[in-house]
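J.: Its first residue numbered 86, the sequence shown is counted upward by one per residue in this note's numbering.
Keep in mind the hints are simulated off the structure, nothing from the lab.
Any given hint could turn out to be false.
Claimed, not checked - Ranges between beta-carbon positions, derived for each pair:
(1) Val132 <-> Ser202: 32 to 38 angstroms
(2) Ser139 <-> Pro179: 44 to 50 angstroms
(3) Arg232 <-> Leu192: 15 to 21 angstroms
(4) Leu176 <-> Asp204: 42 to 48 angstroms
(5) Val162 <-> Ile184: 19 to 25 angstroms
(6) Leu195 <-> Gly158: 19 to 25 angstroms
Using N, Cα and C, we set each Cβ at its ideal position, and we do this for glycine too.
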Amino acid sequence: MSSSAVPDSGPSVQAASSVRGSRFGWWKVLVTGAVGAAVVNLVVFAVAGQAGASLVVVDGGAEHPVTVGGVIGSSVVPLVIGLGAALLLALWKPVFLRIAQYVGSGLALLSVAGPLSADADGGTVAALSLMHITLGVAVFTTLELHRRHRRRR
Numbered sequence: 086m087s088s089s090a091v092p093d094s095g096p097s098v099q100a101a102s103s104v105r106g107s108r109f110g111w112w113k114v115l116v117t118g119a120v121g122a123a124v125v126n127l128v129v130f131a132v133a134g135q136a137g138a139s140l141v142v143v144d145g146g147a148e149h150p151v152t153v154g155g156v157i158g159s160s161v162v163p164l165v166i167g168l169g170a171a172l173l174l175a176l177w178k179p180v181f182l183r184i185a186q187y188v189g190s191g192l193a194l195l196s197v198a199g200p201l202s203a204d205a206d207g208g209t210v211a212a213l214s215l216m217h218i219t220l221g222v223a224v225f226t227t228l229e230l231h232r233r234h235r236r237r238r
């Protein structure tokens, strides 16, 4: 009786074992996307500083400097929260990967309105806008790579 139950374990056991055996799991997707976005945004930050951008935003009369820690935090935190939610939801329903690609990228692109309306010099506005666009690209690309990897398994 037990020998007939083991071979007929069904697709759910096979799917669960392939997810566990994957060398590119969902947590690695999070780390890769977050580190990639942070590195690109730090390059943008460095280039903007070298190009003469003040990297200071004035809000309500108070000056707020853009710092390395701020760039890293603003790159990593929203990406990890958004991608983490999408990847967890995709464990339940895989369609959430595709939905999150467009919603997450769209939200990041819509957030460019913040830097564009900021009281700052042109170089700072351009750098901050590019950083927001980078996050949108990172969300889309990271989830697309994860989707393609899942399909190949």
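J.: Work down the list of hints and note, for each, if the structure agrees.
T.: Comparing the hints with the structure gives:
Our hint of 32 to 38 angstroms for Val132 and Ser202 is violated, since their Cβ atoms are close to 23 angstroms apart. Checking the proposed 44 to 50 angstroms range against Ser139 and Pro179 shows it holds: the Cβ atoms sit about 45 angstroms from each other. The given range of 15 to 21 angstroms is respected by Arg232 and Leu192, whose C-beta atoms sit roughly 19 angstroms from each other. Look at Leu176 against Asp204: about 43 angstroms separates their beta carbons, and that is inside 42 to 48 angstroms.
Taking 19 to 25 angstroms as the suggested C-beta distance range, the pair Val162 and Ile184 conforms, at roughly 21 angstroms. Taken as a hint, the range 19 to 25 angstroms holds for the pair Leu195 and Gly158, whose Cβ atoms sit roughly 20 angstroms apart.
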